[in-house]
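Undergrad: As they're listed, the protein sequences go chains G and A. In our numbering, each number is its position in the first sequence, counted from 1, plus 121. In our numbering, each number is its position in the second sequence, counted from 1, plus 330.
Just so you know, these hints were derived from the structure itself, not from any lab. C-beta atoms are modelled at their ideal positions from N, C-alpha and C, and glycine is treated no differently. Some clues are possibly wrong.
[What the hints assert, rightly or not] Residues from chain A shown here face chain G by an in silico Cβ test under 8 Å; the list is partial:
1) ALA507
2) GLN534
3) ASP543
4) ALA579
5) GLY583
[Claimed, not checked] What the simulated footprint calls covered on chain A by chain G, stretch by stretch (three residues with Cβ under 8 Å from a Cβ of chain G suffice, anywhere in the stretch; the number is not a length):
6) 544-550
7) 566-574
8) 702-715
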Amino acid sequence: MNTFFQTLIVGLRLGSIYALVALGYTMVYGIIRLINFAHGDFIMVGGYTMIFVMPLMLRLGLPAWLGVLAAIVVCALVGMGTELIAYRPVRRKGTNMTALITAIAMSLFLENLAQAIPAIGPNPKVSSQIFGNGGFKLGTVTMEYTTVITLVISGIVMLVLYAFTQRTRLGRAMRCVSEDKAAATLMGINVNSTILLTFGIGSGLAAIAALMYMAQYPKVYTTMGALLGLKAFVSAVLGGIGIIPGAMLGGIVIGLVESFTTSYISSSMADTFVFLILIVVLIIKPAGILGKNVGEKV
Amino acid sequence: MKSKKLISVMIALCMLLSLGITGITATAFAADDPIVIGVISPNTGTLAAYGTGIVTGVQLAAEEINAAGGILGRQVELVITDDQGDPTECLNAFNSLVAKGVTLIIGSATSGCTSAITDAANEEEVCILCPTGTADSLTTEDDYIFRACYADSFQGAIAAAYAKQAGFEKVGVVYCAADVYSKGLFDSFSKACEEYGIEVAASQSTASLDVQDYTNQFAAMVSAGVDFVYAPYYYDVIGPYVVPQARAAGYTGIIMGADGYDTTPDYVVAGADLTVFNDVYWTNHYDPGADSEIVRSFVAAYEAAYGSIPSAFGATGYDCLYIYKAAMEAAGSADAGDVRDALADTSTVYECVTGTFSLDESGTPVKGAAIISFQSDGSAVTSTLVDVVTQLP
């Protein structure tokens with residue numbers, strides 16, 4: 122029973138992080154049907170921002186996690202910059218495929234740019250302790266507070282995002298742009314600034330994801346976003362890409378599959394099973410767990 | 331027609347002459363040219379601490395040798411290349427060195443990278459002297475590959491011998507199934523355990539070196555009831571992930587590691603509970619606090635040059651250049667073939683920082699290992715020498 126609880130907790134811990142990252146993927150996809158492969162690297166940008174800001178926070182006597190505010194600003198700027206410099210010109214000239222390739226190029230560009238900056242460099246950095254140690258007992262197994270905080274934050278972010286897209290004018294504008302850009306323009310919506318705002322919010326989410334990731338896995342390096350981003354993307358697809366609760370569900374499922382495979386099947390086959398599950402689900406339900414089968418619009 | 335023939339004959343003559351001239355100049359000036367030694371190491375990337383160690387060690391040795399008049403009266407010139415800890419990049423670095431005409435190489439740090447260039451080196455007849463690649467398969471008889479460190483069959487066995495000596499009857503292993511180094515150490519450790527009558531009660535693996543969660547693996551160790559776990563990984567996951575997560579999973583016993591644990595104290599989380607690093611042991615190539623003249627003078631010179639205590643990578647890198655020097659002086663030549671033959675002589679004894687040893691038939695030193703432990707009072711992680719093992723029981 123102990124093994125079961127331990128495995129469950131590790132699964133939730135991994136899953137909550139995948140879920141947070143997946144929210145960023147799904148949001149951008151939902152609005153402009155672009156799989157933003159650079160999203161994983163926005164997390165790296167947020168991670169390094171916090172590595173540099175946290176010592177300052179601690180020196181000022183503030184808690185280390187407040188560094189996330191700086192990271193949100195930096196990530197949002199990088200995200201919007203990416204949209205302005207790379208995605209928008211490409212979208213105007215090319216097709217969805219060109220935009221996708223640009224996203225991959227952007228991802229590699231950010232990773233290599235970070236390596237070239239002397240203060241970052243290619244060597245890994247380890248963050249300071251972010252939240253306090255400890256947790257509560259579940260049987261003989263400890264559920265760490267950090268894991269609980271991550272789950273709660275993922276839940277809150279999901280609810281806020283959902284409410285934002287459903288209830289606010291800007292959120293409605295986003296959904297409008299996602300359904301039909303031409304019609305949205307006719308309704309007086311500024312399509313370009315709506316998309317820019319989407320990137321700002323999506324990238325800001327990456328900074329929050331980076332904080333939660335570093336609280337549990339404190340190593341930061343320039344390619345950290347690659348595998349993390351891939352698994353989060355898989356989570357988003359599994360839950361139904363473009364659907365906000367789907368990202369959350371997909372993330373938790375992927376985390377649990379990974380953890381239970383490690384404990385009960387084979388510890389070196391975790392990734393194999395993650396991607397196997399993805400293939401099986403996509404065969405049975407191509408639009409993802411929460412996805413509705415609607416005709417391809419684009 | 332005739333004039334055309336004449337022209338072509340003259341051109342041919344010119345070509346022959348120019349060939350002859352360049353040939354002559356090459357041999358005439360060779361004796362005064364510097365001896366070029368290539369260095370391949372992971373100077374950037376997740377294992378950059380290893381590369382920095384090796385490069386600084388080799389550079390220190392080169393400065394000393396050049397100041398003392400060089401090798402065979404010729405100065406030593408280093409060509410430093412970076413493999414980023416990636417086997418493909420390692421082969422690229424090797425090819426770039428060969429293209430520059432370098433035939434004596436020191437490198438690389440890891441077994442994974444070095445194994446990517448051994449075949450090419452034998453084919454090109456280029457000497458490789460590997461400072462810290464410990465996988466057994468790297469060196470064989472009749473090849474151009476040598477090393478300055480012990481092999482994993484020895485390193486894994488020392489860990490098993492230590493478990494036996496400390497009275498453990500059952501042990502566990504957590505290792506990376508996809509890495510030459512980690513898997514090699516797992517193999518040699520389990521084989522030695524069998525010999526010493528120790529039961530390997532639990533063995534858990536990870537699929538890659540990028541894995542960030544080791545909790546389930548160590549929870550399995552707890553449920554198997556073992557108090558000694560062998561975990562051969564590198565410092566970049568030991569410090570932030572493996573040790574803290576093992577303790578969080580409720581594992582309180584000994585964690586035993588290998589030379590990859592070197593420089594771990596630079597990669598621990600500031601502000602976290604560092605006492606988790608108590609009861610962590612590892613085997614290393616040398617002990618910087620050893621009480622011998624050669625170690626003392628090396629550590630002093632290194633500290634004066636770089637302001638820090640040299641890691642084992644600095645020490646083996648330093649040793650590599652001196653081993654090349656001894657081999658070149660024995661051969662009386664800096665030619666790769668002659669140096670290879672000198673290194674293949676198993677009777678030569680090298681006096682080095684990491685021990686006094688000769689190379690066996692495969693080109694691996696016959697030498698001991700230091701067992702080092704981490705300690706922490708909560709503010710920092712420090713290392714202490716526990717024992718030096720020269721022979722297996």
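Undergrad: Indicate, hint by hint, whether the structure satisfies it.
TA: Tested hints:
Among the interface hints, the one on ALA507/A holds; its C-beta lies about 4 Å from the nearest C-beta in chain G, closer than the 8 Å criterion. Nearest Cβ of chain G to the Cβ of GLN534/A: about 5 Å, under the 8 Å cut. The hint holds. With 8 Å as the threshold, the beta carbon of ASP543/A comes within range of chain G, its nearest partner Cβ sitting at about 6 Å, so the hint holds. Contact between ALA579/A and chain G, as hinted, is supported at the beta carbon level, the nearest pair being about 7 Å apart and thus within 8 Å.
Using the Cβ-Cβ criterion of 8 Å, the hint placing GLY583/A at the interface with chain G is not satisfied: the shortest such distance is roughly 16 Å. Counting residues of the segment 544-550 of chain A whose C-beta lies closer than 8 Å to any C-beta of chain G gives 5; at least three are required, and the coverage claim holds. Counting residues of the segment 566-574 of chain A whose beta-carbon sits less than 8 Å from any beta-carbon of chain G gives 5, enough to reach three: the coverage restraint holds. Check result for the segment 702-715 of chain A against chain G: violated, 0 residues qualifying (beta carbon to beta carbon below 8 Å, three or more required).
Hints 5 and 8 from the earlier list are contradicted by this structure; the remaining hints agree with it.
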